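Engineer: Single-letter residue listing:
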Amino acid sequence: MKQIDLVIVGGGPAGMSAAVAAYDNGIKNILILERDSHLGGILQQCIHNGFGLHRFGEELTGPEYAWRYEQQVYERNIPYLLNTMVLDISPEKVVTATNSEEGVFQIQAKAVILAMGCRERSKGALNIAGTRPSGIFSAGTAQKYVNLKGYMPGKNVVILGSGDIGLIMARRMTLEGAKVHAVCELMPYSGGLARNIEQCLNDFGIPLRLSHTVVEIHGKQRLEGVTIAKVDENRRPIPETREYIPCDTLLLSVGLIPENELSKTAGVPLDRVTSGAVVDQDRQTSVEGIFACGNVLHVHDLVDYVSEEAEIAGKSAVAYIQGITAERTDIPLSTDGKIRYTVPQRITQKKDVTVFFRVADVYRNVTIRVSDGDRVIYSKKKLKVAPGEMESITLRPDQFADAKALSFALEVK
Amino acid sequence: MTYDVAVIGAGVVGGMIARELSSYKLNLCILEKAHDVAMGASSANSAIVHAGFDAKEGSLKALLNVQGSEMMAKTCQELGVKYKNNGSLVIGFNEEDMETIRSLYTRGVTNGVKGLEILDSDALHALEPNVSKNATCALYAPTGSIVCPYELTIASVGNAMDNGASLLLDFAVSAIEEDADAFTLKAEDGRTVKAKYIINAAGLYADAIAEMVGDTSFQIHARRGEYVLLDKESGNLIKSTIFRTPSKMGKGILVSPTVDGNLITGPTSVDIGEKENKATTPDGLAHVMRETRENVDGVMYNQTITSFCGLRAVGSTGDFIINMPRDRFVNVAGIESPGLSSAPAIAKYVVELLKKAEMPLEKDPTFSPLRAPMHAFREAGIEEKNEIIKKDPAYGRIICRCETVTEGEILAAIRQNPKPRDLDGVKRRTRAQMGRCQGGFCSPYIVELLAQEMQVPYESVTKFGGDSYINVGKTKGVD
Amino acid sequence: MVRELTCIVCPKGCPLRVELEDGVVKSVTGHTCPRGLQYANDECIHPMRTVTSTVLAKDGRVIPVKTDRTIPKEKMFECMELINATVIELPVTVGQVLLSDILGTGANLVATANADESL
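Chains as they are written, first to last, in this note's numbering: chain A, 1 to 413; chain B, 1 to 479; chain C, 1 to 119.
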């Protein structure tokens, strides 16, 4: 069996950034396994701008952001295999993969970084009543058709879900000649970035119908229309508000799910809220030597943060392989519900720890409070927090050194 | 050319009959109105091989169900179709249910069902710990099994074609004329086919076909059945097929693993006037979920993969309608549940009927009942897989991530009888697009493979024929 | 007159409040950086946007492109017409100028991905 120090599953922004960080920190025997025919992952189809402001101080499109990292991979001669699908990862870090050249093969790794990304929630999970015609796509599938294949999935579009991909596709479809009739959002607020509502919907006069959902699909062969309805505070459709919109295309932007099928084969425990692995500050999962970063760990708003997180995983994997560690501890992190989750979910070493978290609703004038029992070890005020925007705070070891457990809470005035 | 036999309808019944007839020296064609085979009831039902305790004693349903159920394992093995003998349970919640279970037991024994047992609560829960704790008794049928209905249909039509049968798709029979020794079947699009014999296996439209030759002795109406299919993560919740004890309220919702490892729940049962309404309804889906939760604990509907509605062809006689209302014309109509279970036996029964009517039938020594399994690669070991990949590198390239389906398997399916011509056809044959992402990642690639193989433009590939196109055109270079 | 805007310069999406008098910006609040201030001014006087799309290559593929600086918002669709009428030769590299000074805006259309001559 081939022996490799560090196997990275996925050659998207997380995988590439982790590889570069690992290389620069002293591990050269790396292999990136990428299932698609190119590095860069989903960024290749995200041809809109808005990437890289944090990372590179300029606005880049998805392929340009990917290219910055591809170049770093090429410059370092970090080995990678394309069109290679990982089929299984064992808890002992034996990675089984397949491609056309080598067939099914196995690698014994010292450390593995999971960087498989996420997938879109599909129509099935929504259980929308009605017929099953063609013309219903997840927003990302439509994005692939339009931006990579050069084909138009339809001309008259309704979008369900105001996640960023849905908003971006509203603009893309409009610019390419389609008419977007409405974006429906089940919640009373959008899950997308405020600037995307501005530049993708408002710029083109596309109505955002908050607290609305699609309740029925019409059309026997190609989609002919959808019935939408307003929902009450329990998100149940209100029958009197039913409204028919003729359209040939329904795009779904109803959430992203980390793709953790492989993590499960490795026996990695998952967080019920994030659907990603439970990790420590190093992004190490509960299975020793297996790390996770990027959207497979939790869904990020910005690729810049993915790169940042992947660097942590890359560096930490090197430290793990080399047996370097700070003073150990074991502090679980918990949340109060207003804060939905934190990443990491536990702290295992006494060093600076940046904790990322997401809130459950839109709250104004809040205080973020971290406590160890009754003792508040950190607090910070914010004017506004929203589910669509990830927050982060950094804790120093002197703040949490003797803590037993840390609870994260949001105090709302 | 005049065919010896035209089989109308490429569902599981038409497919199994065509396969049986292809073992004789006959010139055979299968006429199907849809864009692919297995597009009617065979595309959307419970996927159950019933043991045979349900049908009334002495009925054709009872006879053919028990026979078909006994033939199914061998038939599936020959056709390379997945089949699993998982056993079935009819669970009861009270004394009234217990009485029904006793009468089902007696009926089953009369029908010739083997191995039936009545279980008490402890025995039931020892067998199926996740069956509702409120269930107090059950009828256990060890011969109950599961099979994939469209896989069986595709394989039987494919096997018939491999043995010389022709398949004409998009052929909606609109009129039948007759001269001295043959029928002329006219399609809506103007095509015609001549055949000496007709087998009417037209499902929901069998009454309309019969009427074309003057037989108005029965009617068919549609019974809607809505289903919710769950992710493979839920597939291990139960091993057996769990039925609710039938009551005045109907047969109730069943919960069953599928041969592919998913969990199927449903169906509702609503008789309707029209024959095309396959829309799911909020009430129907809610009903399926509510009743499933009453029967089995721990079913997680947030793991739903898809929901769908099937239409069952219900005959006006209460039993299967298999007869020859006139010379050289066979009705195989009203094949509602247990139609899938009965299909292999129905095929034999029809041949016997033809023999009795003195149709000249001579065995074809070149006939092979075997068909290469569609899922051979997926089940092969690593070394065997590598041999295949060495010969054909396309088997090393995964197209569908969720179900790990390779390009090689998809291309093989596209090239194998009966050839799929649309996305859903590839899905039913390979399971590509059938997983968690529902084709989100792989469908653009499968469109490409179909376009290449059929040598048609990318944008002309459809989901299931007709106007079910995927793309409306190119973004650039149009004007 | 007061206009409420959402800043699109970065993902923060700051809510901006602009006081205008006879079409002249009197004051801006809500921004948290100088670029936000600039955006507020531009948006009230002359809104500008980056356009991203794809162009057709000779071999039938589509190649992603963008305007290398913002162009007047009202010219977006005119810009799209120009993009749609363009067919490019391969290979191209990231940043390569495909059309110069689009519609007299001073912005160029540049490739945002590399593409070889043929696959």
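Just so you know, these hints were derived from the structure itself, not from any lab. Model, not experiment: these values are computed from the prediction. Treat each hint with caution, since some may be false.
[Stated by the list, open to error] Derived coverage of chain C by chain A (criterion: at least 3 residues anywhere in the stretch with Cβ under 8 Å from a Cβ of chain A; other residues may be distant):
# : region
1 : 1-7
2 : 47-53
3 : 71-82
[What the hints assert, rightly or not] Think about it this way: if two alpha-carbon atoms lie no more than 25 Å apart in a straight line, the pair counts; the simulated DMTMM-like pairs of lysine to aspartate or glutamate are:
#  : chain 1 : residue 1 : chain 2 : residue 2
4  : A       : K338      : A       : E327
5  : B       : K355      : B       : D231
6  : B       : K194      : B       : E20
7  : B       : K391      : A       : D36
8  : A       : K2        : B       : E384
9  : B       : K474      : C       : E19
10 : C       : K12       : A       : E389
11 : A       : K350      : A       : D301
12 : B       : K355      : B       : E99
13 : B       : K385      : A       : D330
14 : B       : K474      : C       : E89
15 : C       : K12       : A       : D88
Glycine included, every Cβ here is placed at the ideal spot set by N, Cα and C.
Engineer: With reference to the structure, classify each hint as holding or not holding.
Structural biologist: For each hint, the structure was consulted:
Interface restraint, the region 1-7 of chain C with chain A: holds (3 residues with C-beta to C-beta distance below 8 Å; minimum three). Note: the region 47-53 of chain C has 5 residues with beta-carbon separation from chain A under 8 Å; the three-residue rule is met and the coverage holds. Three residues within the 8 Å Cβ limit are the bar, and the region 71-82 of chain C against chain A gives 4, so the coverage statement holds. At most 25 Å may separate the alpha-carbon atoms for a hinted pair to count; K338 (chain A) and E327 (chain A) exceed this at roughly 32 Å.
Simply put, K355 (chain B) and D231 (chain B) have alpha-carbon atoms about 46 Å apart, too far for the 25 Å limit, and the pair is violated. Taken as a hint, the K194 (chain B) and E20 (chain B) pair is honoured in the structure, with Cα atoms around 21 Å apart against an allowance of 25 Å. The straight-line distance between the Cα atoms of K391 (chain B) and D36 (chain A) is roughly 22 Å, inside the 25 Å bound, and the hint therefore holds. Annotation: proposed proximity of K2 (chain A) to E384 (chain B) holds, straight-line Cα distance about 20 Å (limit 25 Å).
At roughly 45 Å between alpha-carbon atoms, K474 (chain B) and E19 (chain C) are farther apart than 25 Å, so this suggested pair is violated. For the hint pairing K12 (chain C) with E389 (chain A), the CA-to-CA distance comes to about 8 Å; that is within 25 Å, so the pair holds. For the given pair, K350 (chain A) sits about 28 Å from D301 (chain A) by alpha-carbon distance, which is inconsistent with the 25 Å threshold. Simply put, K355 (chain B) and E99 (chain B) have alpha-carbon atoms about 43 Å apart, too far for the 25 Å limit, and the pair is violated.
Of the supplied pair hints, the one linking K385 (chain B) and D330 (chain A) is violated, its CA atoms being roughly 45 Å apart against a limit of 25 Å. Annotation: proposed proximity of K474 (chain B) to E89 (chain C) holds, straight-line Cα distance about 19 Å (limit 25 Å). At most 25 Å may separate the alpha-carbon atoms for a hinted pair to count; K12 (chain C) and D88 (chain A) exceed this at roughly 39 Å.
Checked against the numbered hints above, the structure violates hints 4, 5, 9, 11, 12, 13 and 15; every other hint is satisfied.
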